[in-house]
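Engineer: Following the hints, put chain B in place on chain A, whose structure we already have.
Just so you know, the sequences run in chain order A and B.
Here the working numbering is used: the first residue of the first sequence is 1, the next is one more, and so on.
Here the working numbering is used: the first residue of the second sequence is 1, the next is one more, and so on.
No lab work stands behind these hints: they were computed from the structure.
Among these hints, one or two may not hold up.
In this list, chains with the same sequence are indistinguishable; a pair is considered to hold if it fits within one copy or across any two.
Simulated pairs of lysine to aspartate or glutamate, DMTMM-like, Cα-Cα distance not exceeding 25 angstroms [claimed, not checked]:
(1) Lys344 - Asp257
(2) Lys344 - Asp270
(3) Lys344 - Asp255
Given next are the chains, with one letter for each unit.
There are 2 protein chains.
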Amino acid sequence: MTIIQRVEAQDIRFPTSRELDGSDAMNAAPDYSATYVILHTDADDGISGHGLTFTIGRGNEICVAAVNSLASRLEGRALEEITADMGAFWRDLTSGDSQLRWLGPEKGVIHLACAAMINAVWDLWAKREGKPVWQLLADMTPEALVQCLDFRFVSDALTPEEAIALLRRQAPTKAERVAQLREHGYPGYTTSAGWLGYSEEKMRKLCREALDEGWRHFKQKVGGDIEEDRSRARILREEIGPECTLMMDANQMWDVDEAVANMRRLAEFDPHWIEEPTSPDDILGHAEIRHRLAPIGVATGEHCHNRVMFKQLFQAEALDFCQLDAARLGGLNEVLVVLLLAAKYGIPVCPHGGGVGLCEYTQHISMFDYIAVSGSLEGRLLEYVDHLHEHFEAPVQIHRGHYRVPDAPGYGVTMKAASLAAHRYPDGSAWQSA
Amino acid sequence: MTIIQRVEAQDIRFPTSRELDGSDAMNAAPDYSATYVILHTDADDGISGHGLTFTIGRGNEICVAAVNSLASRLEGRALEEITADMGAFWRDLTSGDSQLRWLGPEKGVIHLACAAMINAVWDLWAKREGKPVWQLLADMTPEALVQCLDFRFVSDALTPEEAIALLRRQAPTKAERVAQLREHGYPGYTTSAGWLGYSEEKMRKLCREALDEGWRHFKQKVGGDIEEDRSRARILREEIGPECTLMMDANQMWDVDEAVANMRRLAEFDPHWIEEPTSPDDILGHAEIRHRLAPIGVATGEHCHNRVMFKQLFQAEALDFCQLDAARLGGLNEVLVVLLLAAKYGIPVCPHGGGVGLCEYTQHISMFDYIAVSGSLEGRLLEYVDHLHEHFEAPVQIHRGHYRVPDAPGYGVTMKAASLAAHRYPDGSAWQSA
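Bound conformation, chain A alone (with noise of 0.2 angstroms):
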């Protein structure tokens, strides 16, 4: 038996504002961040589990403290009794406690909180397993993996049952899917040229460099002024020529008329998506705008809090790409409903990966789906953002635009302890320059 013995939670913060990197319409000057969870663990081998939320710098201490005051119903717990019910322990820590249930219900920092401990766990598990997450989960049986999720509140859309039928139509072709992930990898697709930021010059220096590299997919930011925008977008444009794939990503800043008329303005640079054209809470709003602005795609999801909100962006046509966010739903458990809920209504999934971390949890949870929920990667891009996977003990890796199968145990997030000591927020020496 593995014992969670204690839960330490850091505040971990990287001054990424000084450089505008990742700056959008919304978020003019994020400093990535993680709550950073350690599972300390009583094994004689010393293993423990990493997880982590991502946030953008401040109120990063508000999610310490949820995972603070979250963190005596882990621990004491054996990782074996955990790992025996998943779903059990999913709903018990996500909903067990009513008084703490309250603050969200699933929702905001309560809920970044508990997809913290609960990525941590499931990287103590796979560790423990020695196989990386997408492994851990192949290897499953359908019934197996049905038993790890909890469908409260999405009966009405997927239940149990239909959940193992979509996993056994993929199950008997997941070697050959592997066998083509080893060969080829998974398709990305890059941001990192296209932040609000950005110099007309470092825009194009980085578009050629990115080609070079080998990307054929970009991200551009919107959202600011209109013409702005047309005239980023033409020099994106310019740089990558008419063949390559330009998304755009107004991270909530339009009404949805405001949305509407805004993209009409930017068709002519012909994007594949618009991405989060309104608020993450307006399934009728984006069900509208898709509606008006076909053929450009709909993309959203990486502010939507939870599978209930999946579920109706699915069941109201109100989305073409699904972007689910690995540290904003509750946690992995969660994420495979929303795997399964997209499978069913045909929806491709693309994860957020705009964050310290997320790129690193993002590539199991891609891979998994092709080996066996959808089986497919057509629609399918995965975000790759260009910062801070130096920090990572086994970093993701990148070759010609796609995504490495990772190797190494775990979920993926464990960090380098030079990173997490320099990082530390606010006694951090990368905090003592500043």
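Structural biologist: Chain B in isolation, oriented as in the chain A frame:
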């Protein structure tokens, strides 16, 4: 000028779980709590603004942490500068710091904290004007009131111009409705007999007392074992007779199909509405339930986290009664947007009252709604919960099942200093004796 010098946040908790007051199927043992905010000013008269957000115990410390993280956005500002453009102030506090906005956006802990602070500003403003909040609002011109609001993400459903037109429609007859309220009060209903944790004997006793006090509208908690729910409904109907109104409240316990099946088994007791039949995020689910259960009404809102969600509940024809929460929505500014949306869509507003301080807030909201927004009492009932009022300096006054018009300046939630001291967690005397 009145300068807000310091924002103080206190962790105030009442040990209500000891008596199972407030118990329901989802929330078995709540300790009614408040993140209590005091805006200390430099004014010679010592005026201060008081606001709170409601939680049910554990996790209140996280909301306190969130207020502390937001405090610097308010400290040093002049009340007069804020009230000169309340709409801009609201946008700034809820979204002006994009790093903090990331934690919601506009939901969960960070929005609860905003609510406490924003309501404290309204309290300070009303005290400065020497008026109760309902009157401060009722005395404004339509244009001045609408300038207090932020229509971001709802302009597709309601424009500022439409809001002004709605208010103008009622303006000429405001004084008549004020006079009516002073004479008759605002109709209420009681939840006090129906908590899930109460014995049959206690329920019968409380019903009889409530009938004697003049109550004619009652609410029962359901969502436990269906046979027990039926048994308790039978007891309540026996006590209150066929003429009184009986509402039912499931506190989010059911999936969509379960809600329909269970309410069909409770229909014989003639429920007026089913409240929170499923996840508060499930707009389309509520629409489905409403369609299948008519003529039983559907009510929800105490966990509806912002105006964007209410907008969609109205657009999707998902509810018959809007139960907005004065401290889960982002304070009074956002409450007013929802009142106007509800008026446009013809949905009666029956605010959530089950908590400490909520009745003190909502009397202002419902009376202002009647005076200046909807102009109607049809279908409106204001929840009353018979707990903890003794801790407020100017508690609600009830007469024969009706709320009396409050006259004390402010927004109503200023607590007695002794009550604050005794219930400060964990060092207050109420917690020492536990």
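Engineer: None of the hints should be skipped; say for each whether it holds.
Structural biologist: How the hints compare with the structure:
1. In this assembly of identical chains, the alpha carbons of Lys344 and Asp257 lie at most 25 angstroms apart only when taken from different copies (19 angstroms versus 30 angstroms within one copy).
2. Taking the closest pair of Cα atoms, Lys344 and Asp270 never come within 25 angstroms of each other, the shortest separation being 29 angstroms inside a single copy and 38 angstroms across copies.
3. Taking the shortest Cα distances, Lys344 and Asp255 sit within 25 angstroms of each other only across copies (19 angstroms), while inside one copy they are farther apart (30 angstroms).
Hint 2 from the earlier list is the only one contradicted by this structure; the remaining hints agree with it.
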